[in-house]
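Undergrad: Now for the letters of each chain:
There are 2 protein chains.
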Amino acid sequence: MADKKLVEQITPMEEDFAQWYTDVVKKAELCDYSSVKGFMVIRPAGYALWENYMKVLDQKFKETGVQNVAMPMLIPESLLQKEKDHVEGFAPEVAWVTEGGAKKLEERMCVRPTSETLFCDYFSKVVKSYRDLPQVLNQWVSVVRWEKTTRPFLRTREFLWQEGHTVHATLEEAEERTKQMLNIYADFTEEYLAIPVVRGQKTDKEKFAGAVATYTIEALMHDGQALQCGTSHNFGSDFAKAFDVQFLDKDNKLKPVYETSWGYTTRMIGALIMVHGDDSGLKLPPKIAPVQINIVPIQQKKEGVLDKAYELKSKLIESGFRVKVDDSDKSPGFKFADSEVRGIPLRIEVGPKDIEQGHAVLVRRDTREKIQVSFENLETETAKVLESIQNDMFQAAKKFLEEHTSSATNMDELVEIVNTKRGFVKAMWCGCRECEDKLKEMSGITSRCIPFNQEQISDTCVVCGKPATKMVYWGRAY
Amino acid sequence: MADKKLVEQITPMEEDFAQWYTDVVKKAELCDYSSVKGFMVIRPAGYALWENYMKVLDQKFKETGVQNVAMPMLIPESLLQKEKDHVEGFAPEVAWVTEGGAKKLEERMCVRPTSETLFCDYFSKVVKSYRDLPQVLNQWVSVVRWEKTTRPFLRTREFLWQEGHTVHATLEEAEERTKQMLNIYADFTEEYLAIPVVRGQKTDKEKFAGAVATYTIEALMHDGQALQCGTSHNFGSDFAKAFDVQFLDKDNKLKPVYETSWGYTTRMIGALIMVHGDDSGLKLPPKIAPVQINIVPIQQKKEGVLDKAYELKSKLIESGFRVKVDDSDKSPGFKFADSEVRGIPLRIEVGPKDIEQGHAVLVRRDTREKIQVSFENLETETAKVLESIQNDMFQAAKKFLEEHTSSATNMDELVEIVNTKRGFVKAMWCGCRECEDKLKEMSGITSRCIPFNQEQISDTCVVCGKPATKMVYWGRAY
Chain A
2 MADKKLVEQI TPMEEDFAQW YTDVVKKAEL CDYSSVKGFM VIRPAGYALW
52 ENYMKVLDQK FKETGVQNVA MPMLIPESLL QKEKDHVEGF APEVAWVTEG
102 GAKKLEERMC VRPTSETLFC DYFSKVVKSY RDLPQVLNQW VSVVRWEKTT
152 RPFLRTREFL WQEGHTVHAT LEEAEERTKQ MLNIYADFTE EYLAIPVVRG
202 QKTDKEKFAG AVATYTIEAL MHDGQALQCG TSHNFGSDFA KAFDVQFLDK
252 DNKLKPVYET SWGYTTRMIG ALIMVHGDDS GLKLPPKIAP VQINIVPIQQ
302 KKEGVLDKAY ELKSKLIESG FRVKVDDSDK SPGFKFADSE VRGIPLRIEV
352 GPKDIEQGHA VLVRRDTREK IQVSFENLET ETAKVLESIQ NDMFQAAKKF
402 LEEHTSSATN MDELVEIVNT KRGFVKAMWC GCRECEDKLK EMSGITSRCI
452 PFNQEQISDT CVVCGKPATK MVYWGRAY
Chain B
2 MADKKLVEQI TPMEEDFAQW YTDVVKKAEL CDYSSVKGFM VIRPAGYALW
52 ENYMKVLDQK FKETGVQNVA MPMLIPESLL QKEKDHVEGF APEVAWVTEG
102 GAKKLEERMC VRPTSETLFC DYFSKVVKSY RDLPQVLNQW VSVVRWEKTT
152 RPFLRTREFL WQEGHTVHAT LEEAEERTKQ MLNIYADFTE EYLAIPVVRG
202 QKTDKEKFAG AVATYTIEAL MHDGQALQCG TSHNFGSDFA KAFDVQFLDK
252 DNKLKPVYET SWGYTTRMIG ALIMVHGDDS GLKLPPKIAP VQINIVPIQQ
302 KKEGVLDKAY ELKSKLIESG FRVKVDDSDK SPGFKFADSE VRGIPLRIEV
352 GPKDIEQGHA VLVRRDTREK IQVSFENLET ETAKVLESIQ NDMFQAAKKF
402 LEEHTSSATN MDELVEIVNT KRGFVKAMWC GCRECEDKLK EMSGITSRCI
452 PFNQEQISDT CVVCGKPATK MVYWGRAY
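These protein sequences, in sequence, are chains A and B.
For the first sequence, the working numbering begins at 2 and goes up steadily by one.
For the second sequence, the working numbering begins at 2 and goes up steadily by one.
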């Protein structure tokens, strides 16, 4: 049995979801508060997850022709101000560097909150003709936004992300790239993180500062709140005009380029916790787990037990699994609980009796199901069980999403559902900003996205009753 | 023949080494100046190199138990000031953030110039007992130091690096880790970058701010100037005491930990250029080259030529090589020059006649040697040639290093050699700071390191004539 001493320190989810989240983050050693207010230290267990995110995404990006670069960390104020909507969106939340090398700077510079301005400045130098297009670039960096209230992974003054920036000869090509990257995010989130998402477009109110169109994937957390998981923006040629990024086309005419950007961040570690975690801690999908299998020797001081554990480890590593043996001097009960807190998908117990009988016991983190497997079948059975865990975790999350997605035909109904059952509510919208503003003011509910898969819930806007143009997913969001 | 139009834009090395360097950086598209003064944009070709550095080093680190983390980008002034020597060393060259979220900060924060203070602050929270030791952490990030004069890769206000930080229960263990990491740097630099290095210890004058001992690897550039390639520091317990990082040892006593840090940076892209490059451009060692083989089709519009080029590419990729086909509409001459500028180790030419005769022509970037190889032997011959290139490039650099390493027994001789022949000069030293200061003031010559392999050049200090204690490598450095 799992040792209670370890798990008791996690506040039950039903009692206080926010505290449960913080407890899991701390107990699973994903991150730590630092002495720098609003900033976090991403600890080895958290960073190993991010490394796996990066590895898979970077590979997927490169298969579509993405090249990585490194832009400066600081942006001079004059550069940030070149695009009007963009500076309005970001200027209030940036950190300003005003002194360097013991001198006051002639012009202050902000720590990048995002790098459209730097990429545009770069594109304006290297793009001359249609031969130089498209430029499909990306960087893996951290950005700073001076948030007032912060929560580990979800909202911090600094977070890690990738930001892709591309320029194209035509609007159609830019649009295609914008959607292509959104689909990469969606597929990764579903396939690797086992988190089902809704794909759609942001309303004008919710779109990125300076974008013509913002596409998004939205997921539902255990507390029924929505989380924006990844966004992809089509800027048209607004930025290009502001930064004078032009190219000589085949017809010998100077034309502005069309630009996109797209980002995926460490907040998706927060999503992993809030979609899959339980009162015993983290629950990691096998495909993304830094350690997939934790071998716990039972009565490890008895002759042959540790040797057997190491032997199984070697075999499983040879078969391509990520494995550790917990050979610490703690009790098995402590080790079980510890393995659960950290969310390791599969635990393998092996003791003197098991060795005698030629088998080990596999314990799934997600269902706690115990499976006896003979040593000779260990690799093949382990592969099957891990695949099941991955699939079952996705199906469980999908079921939750479906059960927490409702429809409403008027505003009272919408607000009532979000306040009681929570989750997403599908409802029609006239397309007016005023209706979104009104709903948000009254109830804190926001439009999450206009999904690509449209349905006709009713004929009139859920807020004003005028003819509807779109079906929208509504909800409360992180 | 290589097209002159492309190569003529590179200033000959003998004419102006600094300008040659800048030309190569620009023409090989490694990096670009940005609108942010003193900062650089690392372009795809430059970043792909850094990605290869990271991949190999990260793997080597992890094999020794290193775990990656992410610390905050900003350091509050009070934290920076905790260790006296450290703040004195870095405070004059940091960038200060004084405003955040449209408000003046209560305490200013610097953009990390290095992160000892943040790691120590973290260690003080997570290290409680001997069970928590060692902590062997690393991060891949960028840092900011407000340099007055800058040069791409070699000295910029922001550079990319990894910074490893560890804490240990004993001084011996810390010392062992310090040297272990220096040897990883040295082996990587020699084996992958084909750059021979001198391993040794920095003098007190040249060591890192706050360190008890700094170890270094030093290489020689084509112009005879030295470049510090990677450093590893043993801090003893000075930082631990300043930050109160203590642990309860097995004997139930509270003890300070012993700390190390070690770093390797993007300046090593600069080293690659200055050790191997020539008047035609970059020259990349095959083991680190993002593209190892550039297939150039000759008369590519003739039927079957491009198909053959793609076929060879597929075969070579299957054999594990990194290959591209230059199928642009440029002339072969332009493509040859372009391939040389970018330093691609091997060019494979294939035209209608070659296809008829069943062979391709391999052209080495380093020696320009041409080798005819039948299609059936292509993969095995290519492997051999790439291995030769790697070895020969290392041997050539080693020969240069040996030819530019002299000995001197008095100061006039030392200065004379450095001023004429340049390179390293081995000479004895009494161990006094004053002698180093005097030599630097008079001639700009600095101690590069006290090499691990000591020799007895003479009995007296090359500067003051008093009894010598150590043999030192002296030179001018970047």
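A few of these clues could be false.
Any copy will do: because identical chains look the same in the list, a pair fits if it lies in one copy or spans two.
[Claimed, not checked] Computed cross-link-like contacts, DSS-like style, restricted to lysine-lysine with a CA-CA straight-line distance of at most 25 Å: (1) 288 to 251; (2) 129 to 27; (3) 331 to 256; (4) 254 to 331; (5) 180 to 56; (6) 302 to 180; (7) 314 to 242; (8) 288 to 422; (9) 467 to 256; (10) 316 to 61; (11) 105 to 129; (12) 129 to 331; (13) 439 to 105; (14) 325 to 61; (15) 85 to 38; (16) 427 to 63; (17) 126 to 441; (18) 28 to 38; (19) 309 to 149.
FYI, nobody ran anything at the bench for these hints, they're computed from the structure.
Undergrad: All the hints need checking, so say for each whether the structure fits it.
TA: Hints versus structure:
no., hint, verdict
1, 288 to 251, "neither (46 Å within a copy, 39 Å between copies)"
2, 129 to 27, "between (51 Å within a copy, 16 Å between copies)"
3, 331 to 256, "between (68 Å within a copy, 24 Å between copies)"
4, 254 to 331, "between (73 Å within a copy, 22 Å between copies)"
5, 180 to 56, "within (21 Å within a copy, 30 Å between copies)"
6, 302 to 180, "neither (57 Å within a copy, 35 Å between copies)"
7, 314 to 242, "neither (58 Å within a copy, 40 Å between copies)"
8, 288 to 422, "neither (31 Å within a copy, 58 Å between copies)"
9, 467 to 256, "neither (41 Å within a copy, 73 Å between copies)"
10, 316 to 61, "between (29 Å within a copy, 23 Å between copies)"
11, 105 to 129, "neither (36 Å within a copy, 42 Å between copies)"
12, 129 to 331, "between (65 Å within a copy, 17 Å between copies)"
13, 439 to 105, "neither (45 Å within a copy, 34 Å between copies)"
14, 325 to 61, "between (28 Å within a copy, 19 Å between copies)"
15, 85 to 38, "between (30 Å within a copy, 23 Å between copies)"
16, 427 to 63, "neither (36 Å within a copy, 48 Å between copies)"
17, 126 to 441, "neither (43 Å within a copy, 41 Å between copies)"
18, 28 to 38, "within (21 Å within a copy, 44 Å between copies)"
19, 309 to 149, "neither (53 Å within a copy, 61 Å between copies)"
When the structure is compared with the earlier hints, violations turn up for hints 1, 6, 7, 8, 9, 11, 13, 16, 17, 19 and for no others.
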